[in-house]
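Given chain A, put chain B in place with the hints provided.
Chains A and B are the protein sequences, given in the same order.
Going letter by letter, the first sequence gives residues 1 to 414 in my numbering.
Going letter by letter, the second sequence gives residues 1 to 414 in my numbering.
None of these hints come from the bench; they were simulated from the model.
There could be a bad hint or two in this list.
Simulated crosslink set (EDC-like; lysine to aspartate or glutamate; CA at most 20 Å straight-line) [stated by the list, open to error]:
hint	chain 1	residue 1	chain 2	residue 2
1	A	K98	B	D296
2	B	K395	B	D127
3	B	K98	A	D296
4	A	K98	B	E297
5	A	K82	B	D71
6	B	K395	B	E327
7	B	K98	A	D312
8	B	K52	A	D312
9	A	K98	B	E87
10	B	K98	A	E297
11	B	K381	B	D127
12	B	K401	A	E323
13	B	K82	A	D71
14	A	K52	B	D312
15	B	K395	A	E292
16	B	K381	B	D247
17	A	K401	B	E323
18	B	K412	B	D247
19	B	K395	A	E316
20	A	K98	B	D312
21	B	K395	A	E327
22	A	K401	B	E316
23	B	K98	B	D201
24	B	K401	A	E316
25	B	K82	A	E87
26	B	K52	A	E292
27	A	K82	B	E87
28	A	K98	B	D309
29	A	K52	B	E292
30	A	K98	A	E87
31	B	K98	A	E292
Every beta carbon over 10 Å from chain B, so not counted as near; a handful from chain A, in silico [what the hints assert, rightly or not]:
hint	residue
32	R8
33	D48
34	R49
35	D127
36	M183
37	I212
Partner residues are not named here, just some residues of chain A that face chain B (Cβ under 10 Å, in silico) [claimed, not checked]:
hint	residue
38	C92
39	H180
40	H225
Source: prediction; values computed, not measured.
No residue lacks a Cβ here, since even glycine has one placed at the ideal position from N, Cα and C.
There are 2 protein chains.
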Amino acid sequence: MSAIEGGRTTCEAVVRSCLERVAAREPDVRAWSYIDPAQAIAAAQAFDRGGKRGPLGGVPFGAKDIIDTFDMPTEWGTPIHKGRQPERDAACVALSRKAGGVLLGKCVTTEFANLHPGPTRNPHDLDRSPAGSSSGSAAAVADFMVPIAIGTQTTGSTIRPASFCGVVGYRPTYGEHRLHGVMEASGSLDTLGILARSVPDVALYRNVLLGIPPEPMMTLDRPPHIALCRSHIWDQFEPTTRTLVEDAALRLARAGARITEFELPADFARLNDAHRWISSFEFARTFTFEIENHWDEISDTLRGGRLHDGIDGSFERYIASKELAQECRTRFDSLWGDVDALLTPAAFGEATVGDWAFAGVPLFQLWTILHVPQISLPVFKGPAGMPIGAMLIAKRHDDRKLFACAQWAYQKLM
Amino acid sequence: MSAIEGGRTTCEAVVRSCLERVAAREPDVRAWSYIDPAQAIAAAQAFDRGGKRGPLGGVPFGAKDIIDTFDMPTEWGTPIHKGRQPERDAACVALSRKAGGVLLGKCVTTEFANLHPGPTRNPHDLDRSPAGSSSGSAAAVADFMVPIAIGTQTTGSTIRPASFCGVVGYRPTYGEHRLHGVMEASGSLDTLGILARSVPDVALYRNVLLGIPPEPMMTLDRPPHIALCRSHIWDQFEPTTRTLVEDAALRLARAGARITEFELPADFARLNDAHRWISSFEFARTFTFEIENHWDEISDTLRGGRLHDGIDGSFERYIASKELAQECRTRFDSLWGDVDALLTPAAFGEATVGDWAFAGVPLFQLWTILHVPQISLPVFKGPAGMPIGAMLIAKRHDDRKLFACAQWAYQKLM
Numbered sequence: 001m002s003a004i005e006g007g008r009t010t011c012e013a014v015v016r017s018c019l020e021r022v023a024a025r026e027p028d029v030r031a032w033s034y035i036d037p038a039q040a041i042a043a044a045q046a047f048d049r050g051g052k053r054g055p056l057g058g059v060p061f062g063a064k065d066i067i068d069t070f071d072m073p074t075e076w077g078t079p080i081h082k083g084r085q086p087e088r089d090a091a092c093v094a095l096s097r098k099a100g101g102v103l104l105g106k107c108v109t110t111e112f113a114n115l116h117p118g119p120t121r122n123p124h125d126l127d128r129s130p131a132g133s134s135s136g137s138a139a140a141v142a143d144f145m146v147p148i149a150i151g152t153q154t155t156g157s158t159i160r161p162a163s164f165c166g167v168v169g170y171r172p173t174y175g176e177h178r179l180h181g182v183m184e185a186s187g188s189l190d191t192l193g194i195l196a197r198s199v200p201d202v203a204l205y206r207n208v209l210l211g212i213p214p215e216p217m218m219t220l221d222r223p224p225h226i227a228l229c230r231s232h233i234w235d236q237f238e239p240t241t242r243t244l245v246e247d248a249a250l251r252l253a254r255a256g257a258r259i260t261e262f263e264l265p266a267d268f269a270r271l272n273d274a275h276r277w278i279s280s281f282e283f284a285r286t287f288t289f290e291i292e293n294h295w296d297e298i299s300d301t302l303r304g305g306r307l308h309d310g311i312d313g314s315f316e317r318y319i320a321s322k323e324l325a326q327e328c329r330t331r332f333d334s335l336w337g338d339v340d341a342l343l344t345p346a347a348f349g350e351a352t353v354g355d356w357a358f359a360g361v362p363l364f365q366l367w368t369i370l371h372v373p374q375i376s377l378p379v380f381k382g383p384a385g386m387p388i389g390a391m392l393i394a395k396r397h398d399d400r401k402l403f404a405c406a407q408w409a410y411q412k413l414m
Numbered sequence: 001m002s003a004i005e006g007g008r009t010t011c012e013a014v015v016r017s018c019l020e021r022v023a024a025r026e027p028d029v030r031a032w033s034y035i036d037p038a039q040a041i042a043a044a045q046a047f048d049r050g051g052k053r054g055p056l057g058g059v060p061f062g063a064k065d066i067i068d069t070f071d072m073p074t075e076w077g078t079p080i081h082k083g084r085q086p087e088r089d090a091a092c093v094a095l096s097r098k099a100g101g102v103l104l105g106k107c108v109t110t111e112f113a114n115l116h117p118g119p120t121r122n123p124h125d126l127d128r129s130p131a132g133s134s135s136g137s138a139a140a141v142a143d144f145m146v147p148i149a150i151g152t153q154t155t156g157s158t159i160r161p162a163s164f165c166g167v168v169g170y171r172p173t174y175g176e177h178r179l180h181g182v183m184e185a186s187g188s189l190d191t192l193g194i195l196a197r198s199v200p201d202v203a204l205y206r207n208v209l210l211g212i213p214p215e216p217m218m219t220l221d222r223p224p225h226i227a228l229c230r231s232h233i234w235d236q237f238e239p240t241t242r243t244l245v246e247d248a249a250l251r252l253a254r255a256g257a258r259i260t261e262f263e264l265p266a267d268f269a270r271l272n273d274a275h276r277w278i279s280s281f282e283f284a285r286t287f288t289f290e291i292e293n294h295w296d297e298i299s300d301t302l303r304g305g306r307l308h309d310g311i312d313g314s315f316e317r318y319i320a321s322k323e324l325a326q327e328c329r330t331r332f333d334s335l336w337g338d339v340d341a342l343l344t345p346a347a348f349g350e351a352t353v354g355d356w357a358f359a360g361v362p363l364f365q366l367w368t369i370l371h372v373p374q375i376s377l378p379v380f381k382g383p384a385g386m387p388i389g390a391m392l393i394a395k396r397h398d399d400r401k402l403f404a405c406a407q408w409a410y411q412k413l414m
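So that you can see chain A by itself, here it is in the shape it has in the complex (with noise of 0.2 Å):
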């Protein structure tokens, strides 16, 4: 970003070599959706003649295709929206244009942003899944095809696709940023997602979104505290997984980190469920266009799992599921004492083999449906070479705080 604002290089320059990269690579790991270097050189060359820089200084970034472009296609992952164009921008690619970002181009995402995947593949084994939803946008900046890219989580899809991949990913605090032009999947759990490859760069990013000006990172004044929590869900990790994260733990605490553990409280076992009813049934009315006019053009996977949950889902459940998340946020916002951060895994473990669909088990549901904003480091490899996660939390509205801890973290963890 310095170079392009140092006048040391341009924009244009630097979208080429980014697309150099995409001919060289795309038609192994298919991240995208849409590019058209014309366009995208184009868009570079006419930042390059503007005055306007901003904080972004004409770095181009990627687009998940739940996200609407005016001057590109915004297709959902489905045949059903094929060729779909926007008449404008969403408010998240608009802020990022205002703030000198190029966008060169749309990256894949599953089909409606669920489980049924697209053709992305993980860069770092093409025989592997790149995880979803957020498929494209994880795996372009992890093969170096674009430095930065928006996406999107319901469920797990910013920070799995990063731990598969082995890029930062950041699931914001929800509600702090606008989703107007963004494909809505549960609108009670949607949050944006950002894919890159520094923590630095997700804190520069998570404001352009806001769109307020750029501030300094957070410094920490001590070490900080850092609470392992396995959560009920620890044994669906796999072994090594489990280790590396303990081991993580014990490398902090030499480094100089307070670490202690932190007990989830038992119920909150039920807010897998919960975020099961709440988005099943959100999601099945929200398509409710698409189930009743294009029904056959909507993936097995799709019509046999959320829509099966809730095209009858009961409103009690739904509406009980969403009191039991409410009451267990408020709770768990005072549980935190001075811990600054809990520690856990971001996945299960390495990228799995083929139709990635498998890894869908159930794991993080509790952290989306909790508000809190979670980070994905790229600092473990599993036992076949492939990357890992590290996934930090935080309390809702501490996302700066979280960048701090995980920028300290990063650095003692690699």
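Frame of chain A, contents of chain B only:
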């Protein structure tokens, strides 16, 4: 509805009778931003040919022009989006059609559902305002052009037009209905709204828009406990309005209701400011695309109002306002005791003459930000003979109890 179901009339006949009323009155009232008689008749004929009835059984409905429709343009009340044609229906429209509703046309919205008025006039007195932002939805229902219409509410955009135009207006508990395909104004506050001519119609349509089966109205096993809530804005209501509401409380007591008074905690007075900072911060980010690319086509009303407050709005104040709101919502839940509903005015007084933006005295933010369900009942007449609504309010998620109390009160007050 039962007449179509029973075969005593057809959807086409009902639509033709609506269209006759539109033909007679629309040149004066200007409630519709899009209506094509041939298209509406074709839709009715298709319905009459079709086998599926659904709980709406062929009833025509209108939709505010910030709600996407695959077969009609959706222009958000701004020249910027003139001719904008969505490729799919918003969730609420798809659910209405699935339930057997026939879309008659699109109802006028104010610019971006904010304060700058559209062309609609009050059907009871063409020199007066219909209020906004769901101006056309309320006027069309009030003028018997359509029995039911969908609006939205971010501040008072359903309740106030209902009061000014003399129809039943309902703002549901925040978060229960899906808003996908509805223009976002302020995502933390936006809900759908329903404009109709009776409480049972509203109750039925609520279930349609929730995508759940119809259910009978809740019945009260005793007259309701209704609490008069003057709130900290009591002296901003016109004296006549205050007298009408206090008199209504006496009449309900004589009819058997238990009537008490309800005093809000003093710090709830800060919620109107919290609403201002939340809505303006969010609004200014949602519309970044328009601000950056179409500034000259935005009204002075909006540029000097919500955008002025929002564009450089403080993020810290935004978050503090959200935290205050969340804290007050939780606290409010605990204050109800055995009160079933609160009673308060639905507008400061009668519809204003001329430019209705004047009527934008901040009154409703308190209830809207508390996320509670509200209903306006057309039971009063002001000094000029214009309608004024009585507003009933219930606890979050007690929408069905709200309808039961509203129906009981409506019968006693008419």
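To see whether the hints hold, each was checked on the structure:
{"no.": "1", "hint": "A:K98 to B:D296", "verdict": "holds (17 Å)"}
{"no.": "2", "hint": "B:K395 to B:D127", "verdict": "violated (37 Å)"}
{"no.": "3", "hint": "B:K98 to A:D296", "verdict": "holds (17 Å)"}
{"no.": "4", "hint": "A:K98 to B:E297", "verdict": "holds (18 Å)"}
{"no.": "5", "hint": "A:K82 to B:D71", "verdict": "holds (18 Å)"}
{"no.": "6", "hint": "B:K395 to B:E327", "verdict": "holds (15 Å)"}
{"no.": "7", "hint": "B:K98 to A:D312", "verdict": "holds (14 Å)"}
{"no.": "8", "hint": "B:K52 to A:D312", "verdict": "holds (18 Å)"}
{"no.": "9", "hint": "A:K98 to B:E87", "verdict": "violated (27 Å)"}
{"no.": "10", "hint": "B:K98 to A:E297", "verdict": "holds (18 Å)"}
{"no.": "11", "hint": "B:K381 to B:D127", "verdict": "holds (17 Å)"}
{"no.": "12", "hint": "B:K401 to A:E323", "verdict": "holds (18 Å)"}
{"no.": "13", "hint": "B:K82 to A:D71", "verdict": "holds (18 Å)"}
{"no.": "14", "hint": "A:K52 to B:D312", "verdict": "holds (18 Å)"}
{"no.": "15", "hint": "B:K395 to A:E292", "verdict": "violated (34 Å)"}
{"no.": "16", "hint": "B:K381 to B:D247", "verdict": "holds (13 Å)"}
{"no.": "17", "hint": "A:K401 to B:E323", "verdict": "holds (18 Å)"}
{"no.": "18", "hint": "B:K412 to B:D247", "verdict": "holds (12 Å)"}
{"no.": "19", "hint": "B:K395 to A:E316", "verdict": "holds (16 Å)"}
{"no.": "20", "hint": "A:K98 to B:D312", "verdict": "holds (14 Å)"}
{"no.": "21", "hint": "B:K395 to A:E327", "verdict": "holds (16 Å)"}
{"no.": "22", "hint": "A:K401 to B:E316", "verdict": "holds (14 Å)"}
{"no.": "23", "hint": "B:K98 to B:D201", "verdict": "holds (17 Å)"}
{"no.": "24", "hint": "B:K401 to A:E316", "verdict": "holds (14 Å)"}
{"no.": "25", "hint": "B:K82 to A:E87", "verdict": "holds (11 Å)"}
{"no.": "26", "hint": "B:K52 to A:E292", "verdict": "holds (12 Å)"}
{"no.": "27", "hint": "A:K82 to B:E87", "verdict": "holds (11 Å)"}
{"no.": "28", "hint": "A:K98 to B:D309", "verdict": "holds (19 Å)"}
{"no.": "29", "hint": "A:K52 to B:E292", "verdict": "holds (12 Å)"}
{"no.": "30", "hint": "A:K98 to A:E87", "verdict": "holds (17 Å)"}
{"no.": "31", "hint": "B:K98 to A:E292", "verdict": "holds (7 Å)"}
{"no.": "32", "hint": "R8", "verdict": "holds (28 Å)"}
{"no.": "33", "hint": "D48", "verdict": "holds (19 Å)"}
{"no.": "34", "hint": "R49", "verdict": "holds (17 Å)"}
{"no.": "35", "hint": "D127", "verdict": "holds (36 Å)"}
{"no.": "36", "hint": "M183", "verdict": "violated (7 Å)"}
{"no.": "37", "hint": "I212", "verdict": "violated (5 Å)"}
{"no.": "38", "hint": "C92", "verdict": "holds (9 Å)"}
{"no.": "39", "hint": "H180", "verdict": "holds (4 Å)"}
{"no.": "40", "hint": "H225", "verdict": "violated (23 Å)"}
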